[in-house]
Amino acid sequence: MIRLNRVRSFLNADRIAALLFLTLVAWYGWESTGLTAALEVDVVGPGFFPRILTVIGLALGVLLLVGRSPRMNKEIEGEPGGVRSDLVALAPVLLLLGYVLVLEPVGFPVATVGFLAITFRYLGYPAWKGALLLAAGITAVIFTLFHFGLAVRLPLGVFAGLA
Amino acid sequence: MGETLPLLLNGFEIALRPENLMFAFVGAFLGTAIGVLPGIGPAGALAMLLPIVMNLNPVGAIIMLATIYSGAMYGGSTTSILLNVPGETSSVVTCLDGHQMALQGRAGPALCIAAIGSYIAGTLGVVGLMLFAPLIANWALNFGPPEYFALMVFGLSAVASLSGDSLVKGLIAMILGLMLATVGTDVTGVARYTFNMPEMLDGVQFLAVTIGLFAISEVLLNTNEIRSGLKQAVIKHKLFISFKEIRESLGAVLRGTFIGFWVGVMPGAGAGIAAFLAYSVETQVSRHPERFGKGEIRGVAAPESANNAASVGAMVPMLTLGVPGSGTTAIMLIALTALNVHPGPLMFAQRPDVVWGLIAALYLGNIMLLILNLPLVGLFVRLLYLPMRLLLPVVMVICVIGVYSANQTVLDLVFLCGFGTLGYFMRKHGYPIAPVILGLVLGNRMEEALRQSMIMTQGDLVTLLGRPIVVVFLLLTLTALIAPFVIRRLRFAGKPVRIEREED
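Line by line, the protein sequences give chains A and B. Each residue of the first sequence is one higher than the one before, counting from 1 in my numbering. Each residue of the second sequence is one higher than the one before, counting from 1 in my numbering.
Since the hints were made in silico from the structure, they are not lab data.
Have a look at the derived ranges for each label pair, beta carbon to beta carbon:
(1) A/I52 to B/V472: 20 to 26 Å
(2) B/K244 to A/W128: 57 to 63 Å
(3) A/L87 to B/T337: 36 to 42 Å
Since the model is a prediction, treat every value here as computed from it, not as a measurement. Don't be surprised by glycine CBs; every beta carbon is placed ideally from N, CA and C.
I would like the entire structure built from these sequences, with the hints used as guidance.
Laid out in structure tokens, this is it:
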């Protein structure tokens, strides 16, 4: 139990970030060793700059891991409801991811109405019917502005035949 | 000066065309509308509105970018004065006296002096830009690859060290941006970090990264915030300022402008530090320092002038050297590059129409704000009461359109989601975003300059220390890296300097 508490107090947000960053930089540096020059005259090579970044990145990652930033004390204690608030905040990005993945197959108008209505509801809009009507109205305005007003090519999906 | 005046007049001739005036109006309006929303500074406003701007013609886009920038700066002041809610770091100081004035029924004079101070600072800032930018551009024409490399090292280090509350975190953000810049095909045609995906050969799309890190992360942060309980200050007694109050504030405006412009020119320092410094100087030179913090009009005039002058000053390194000194100017650089306009010393010689058009547009933005924002201040404040649950999803849809419209690939949109999430965690845990964008923007040019320097010196970079400009920039880099430790020990107006989330 004591060991678990020690691990928890060591693994604050900055240290988790440091470990993730070090992993990323290590992979980045490893990949750079496989980069070979396409031209014989290229004496520097495509991996030179990435290797410099790797060295600096590893040093910074270690500094973050072992150092104490001004925020560390606060974060050891943890923010009340930190993980919960992250989940609340990140749900819209998951909805956004779903939206962008269906954007081309179903088209901008349908996907946007769906995304807006669901997100309105998630963020506290009281009724589905109202959310859907509002989403449809806003989608129509945005579509008209960008598609017709600014000539932006938006995927039409199921409406492609009508264009 | 003799040569630049006709060019500036030509810039005005372009900026004053009816369609461009309309773009200026829309830019100032939208910039202010988004700028008044708490927590959304000029960088966030620019990122959110990039999708709209990128679909205009280059001249219209540049004018709109400049006026959005000015509008967002002014929007932050409005909420600082009326609601004690600063829109960005540079408006924090305005709250001290501005909100006190509003509570005393002097919101009108506070808003007026903010607009007038911004206007004068913007005007004098443009004069400064006109005088110094061509000189710097001419000087920079002598730079070789080693000088450029050293300059970019300085610019990046300065932004990384001054834009967050931790030097290590700022530098990590910078390295992350530089790593992102190496994705795609390098100058010799070798594909790097592309996962064998053809869509990745051109690298990570700037728009997806910028809009994700600034705009989507802003939406996610706002999802958690409760917007109720804001009480609007009543604008009573008088809306306009008296001549006596203007006369009283003029010295503060001029001092704020001078300080702001030069602080703005320095990479990384930004409008927030300019405002703090101007306020501090004003308390030192005033015969009645005890009035500050209790509704002293000069306590609004100085920081407001300083932050506006700083925003013009920040254009100097961006336009003359192609090296942005802040997140906001980095976003402007991205937008200009996407519009096939490449800032740098050669731009002054090759595209004077663009340079002077942009400078004229910046000036125009100030006039627009003066004539547009005071009568509409009530409307802008009402925007604070728009239900965020409706506004935030709409912002996300507009971001999606902006990113999708560039290349029509879903991969860019997936990156948008990824960088939005990354931006959310970075901001929540005190990692500045501006260095990521700057690293991404400058990475390729920095690598190219390094490669050329290596070839020039046959791999012996130590010989570069014989070049005086390189040495000066390296010394400046060193200074920038130790600056946060020095600044932390300084105290402004009896309060410790806070340099957090400086993204402007």
